[in-house]
Amino acid sequence: DAGITQSPRHKVTETGTPVTLRCHQTENHRYMYWYRQDPGHGLRLIHYSYGVKDTDKGEVSDGYSVSRSKTEDFLLTLESATSSQTSVYFCAISEHSGELFFGEGSRLTVL
Amino acid sequence: AQRVTQPEKLLSVFKGAPVELKCNYSYSGSPELFWYVQYSRQRLQLLLRHISRESIKGFTADLNKGETSFHLKKPFAQEEDSAMYYCALSGHSGGYQKVTFGTGTKLQVIP
Numbered sequence: 001d002a003g004i005t006q007s008p009r010h011k012v013t014e015t016g017t018p019v020t021l022r023c024h025q026t027e028n029h030r031y032m033y034w035y036r037q038d039p040g041h042g043l044r045l046i047h048y049s050y051g052v053k054d055t056d057k058g059e060v061s062d063g064y065s066v067s068r069s070k071t072e073d074f075l076l077t078l079e080s081a082t083s084s085q086t087s088v089y090f091c092a093i094s095e096h097s098g099e100l101f102f103g104e105g106s107r108l109t110v111l
Numbered sequence: 001a002q003r004v005t006q007p008e009k010l011l012s013v014f015k016g017a018p019v020e021l022k023c024n025y026s027y028s029g030s031p032e033l034f035w036y037v038q039y040s041r042q043r044l045q046l047l048l049r050h051i052s053r054e055s056i057k058g059f060t061a062d063l064n065k066g067e068t069s070f071h072l073k074k075p076f077a078q079e080e081d082s083a084m085y086y087c088a089l090s091g092h093s094g095g096y097q098k099v100t101f102g103t104g105t106k107l108q109v110i111p
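Chains A and B supply the protein sequences, listed in that same order.
Under the numbering used here, think of the first position of the first sequence as 1, with each following residue one higher.
Under the numbering used here, think of the first position of the second sequence as 1, with each following residue one higher.
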């Protein structure tokens with residue numbers, strides 16, 4: 001498996017609280033992505049990064065922000081979590097093609 | 001805009017029967033198409049990509065630009081093929097790589 005880890009792997013939080021998920025890679029890949037996986041919706045792109053401090057929105061970016069201050073770390077922040085953000089979040093990395101390497105996922109429950 | 005459509009949420013077949021998982025895409029340029037698989041309790045992983053034109057675990061997929069399709073096929077299904085399958089398209093947005101997934105098809109192989 002590619003060197004990609006997500007933390008935390010599981011989190012339960014309450015509505016209105018901030019949450020940050022971390023994705024860490026040891027592959028020095030240029031691209032990093034955050035997806036959410038929901039039944040019936042598959043994988044939906046939240047945000048992605050094409051370099052340090054270079055990020056862009058995906059199709060479901062509302063309510064989420066990201067930061068990438070170092071090549072190896074890509075943070076996803078929910079400023080004020082809502083129940084609709086209960087999901088499994090996947091981080092993925094790639095170098096220059098569409099071949100992605102995925103993390104193991106972070107399961108977030110917002111009560 | 002780039003879009004991937006997988007019309008079937010669930011496909012059930014008997015062991016030994018042929019399998020075809022459908023994928024259609026929409027993209028104005030030349031796409032790179034991929035199939036990813038997620039086995040139970042495992043992370044998503046690449047199954048195959050159209051440019052390599054290879055067969056992985058007996059699966060093949062041909063890119064049909066006229067029909068904008070990239071269907072995944074296997075002549076004889078095995079129980080271990082039961083998993084979630086995602087079709088993905090890698091395109092470019094503003095000069096940077098962006099990967100979009102379909103909603104996924106759950107393949108259930110009945111013994």
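Just so you know, the hints here were simulated from the structure itself, not pulled from any lab data.
Incorrect hints may appear among the rest.
To be verified - 27 Å max Cα-Cα, derived DSSO-like pairs, lysine-lysine:
no.: 1; chain 1: A; residue 1: Lys57; chain 2: B; residue 2: Lys98
no.: 2; chain 1: A; residue 1: Lys70; chain 2: B; residue 2: Lys73
no.: 3; chain 1: A; residue 1: Lys57; chain 2: A; residue 2: Lys70
no.: 4; chain 1: B; residue 1: Lys9; chain 2: B; residue 2: Lys106
no.: 5; chain 1: A; residue 1: Lys53; chain 2: B; residue 2: Lys65
no.: 6; chain 1: B; residue 1: Lys15; chain 2: B; residue 2: Lys57
no.: 7; chain 1: B; residue 1: Lys98; chain 2: B; residue 2: Lys22
no.: 8; chain 1: B; residue 1: Lys98; chain 2: B; residue 2: Lys73
no.: 9; chain 1: A; residue 1: Lys11; chain 2: A; residue 2: Lys57
Holds or violated: are the alpha carbons of lysine 98(B) and lysine 22(B) at most 27 Å from each other?
holds, 22 Å
Is it true that the CA of lysine 70(A) sits at most 27 Å from the CA of lysine 73(B)?
violated, 41 Å
Straight-line Cα separation of lysine 53(A) and lysine 65(B) no greater than 27 Å?
violated, 36 Å
Restraint check for lysine 15(B) with lysine 57(B), where alpha carbons must lie at most 27 Å apart:
holds, 15 Å
Hey, lysine 98(B) versus lysine 73(B), does the alpha-carbon distance stay inside 27 Å?
holds, 25 Å
For a C-alpha distance cap of 27 Å, please report whether lysine 57(A) and lysine 70(A) respect it.
Since the Cα atoms of lysine 57(A) and lysine 70(A) sit roughly 19 Å apart, the hinted pair holds (cutoff 27 Å).
Next pair to validate is lysine 57(A) with lysine 98(B); report whether the Cα-Cα distance is within 27 Å.
holds, 10 Å
Given the hint that lysine 9(B) pairs with lysine 106(B), test it: the Cα-Cα distance must not exceed 27 Å.
Judged against 27 Å, a Cα distance of about 6 Å means the pair holds.
Pair hint outcome, lysine 11(A) versus lysine 57(A) [Cα-Cα no greater than 27 Å]
holds, 24 Å
Consistency with the previously given hints fails for numbers 2, 5, ordered from lowest to highest.
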